[in-house]
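First to last, the protein sequences are chains A and B. Numbering follows my numbering, in which position 71 of the first sequence is assigned residue number 71; successive positions increment by one, without gaps. Numbering follows my numbering, in which position 119 of the second sequence is assigned residue number 119; successive positions increment by one, without gaps.
Derived by calculation from the structure, the hints in this document are not laboratory data. Incorrect hints may have been included.
Pairwise CB distance ranges, derived in the manner of DEER restraints [as the list claims (entries may be wrong)]: (1) B/Asp6 to A/Glu202: 43 to 51 Å; (2) A/Arg12 to B/Ile25: 36 to 44 Å; (3) B/Glu11 to A/Ser69: 29 to 37 Å; (4) B/Arg16 to A/Ser69: 49 to 57 Å.
The C-beta atom is built at its ideal place from N, Cα and C for all residues, glycine as well.
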Amino acid sequence: MPGAAEVEALARSLVQAQETSLGTEVSTHVVYPNGDLVRVNVACAEDDVVVSDLSLGSMYLAEIGVHLSPQQRQRLQQEVAHYTCEFAKGRVYRHCTHDQIADTIALVANASRSIADYGSEAKRQFDADFRVTVIERLRNLVGPRLREREPVAGRSGRPYRVGGVILDRKEVSPVAFVEAFATRSIIGDRFMAFSDLKLSFENVRMISVYDDSNNWLEPDLRVLSQVSTVVGYSKSDASFEALA
Amino acid sequence: MPPPIDDLVREFLAARKRATRYRWIRANHPDFAEGRSYLRVDNRPELSGMMVLVASRFQTPPKYSFSIIFKSRRVMALDVEPRRSHRNILTGLSVNGTHWHFWPTMDAVPDARDFIHPHWFYQFARRANISYPYRYKQPPAGEQPSIPNLLEED
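Chain A with its partners taken away, still in its complex shape (with noise of 0.2 Å):
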């Protein structure tokens, strides 16, 4: 059984400094959702010490295909704030005097290792990649009558950017309007902009087109089915083929 001192030693081990360019940039105890350490930047001018994780944890989530919104970058500085340190530009940072090094250095790890974390429970940007899919097959079909994100506005007056529209053979009015859900995100928005523009474009087919490779739960596609017809993408040959 090692006693303490061989203990904290074993600890301590993890913890390494090097020189670069940029500063001291130190390994933690502290460990990204992979498994890599996170490891953090000391760099000192006069008086004035500035820890950093160098936006390594914003590049961890970017590494992963995941974009940060606005609002969700917002709620990470709320997070990063529980540790007193400050999100912007992608960088978690901290300022400190000399003799807060340490604290800080295990403060901006935890707050970085929050931002990478995020990524687990992040809305991936895979609605963006299925739509691309989805319009791509679209205009497969109907060439030169797909419209892609064309402003419309609904029975409010509210401006919607639709996700694909399908003109009719005289490319003037238009048959369907089409959006793509890769996950359940942004099904919000979509079923609001589905019951608007119902509203003012009657004769138009509204078509919810569903990534069918990933999970849905049943009551999400039935509250899209009140505004559209939903459509998986491995069964939307017959649905797509009928606006050709």
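Please build the complex by placing chain B on the supplied structure of chain A, with the hints as guidance.
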């Protein structure tokens, strides 16, 4: 019933993929630039994904990553970190320098070669079976910001 994800990932990675043009973006994060390119397989609309390029602008030696995202998962990656090492607690391994990750284990596979970014991009595209018919664009370089003005705009 949708096919198991492992089968889909293997099929996607093995297929010849056409990429859209990426452009470098540094909005909201001046420390690094990010480029995205959408990946398609001809006649297989369900096999679509994304290639993500991330490049640190200030770190020396430079840090780059190339990732393929498919069905919300990072399924293949190249992390370029020459002369830099970091420890991974979950694998118990120290990762030294540049390394690859492949589905399904995503364990780090070292690569001791030393290339500049365009050559790594070529290596990644070739190994990932990606056709990128556009002109390659170098990640935007940056000048190291002075302290304490670390967050000033370039």
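Output the indices of the hints that this structure fails to meet, ascending. Failing hint: just 4.
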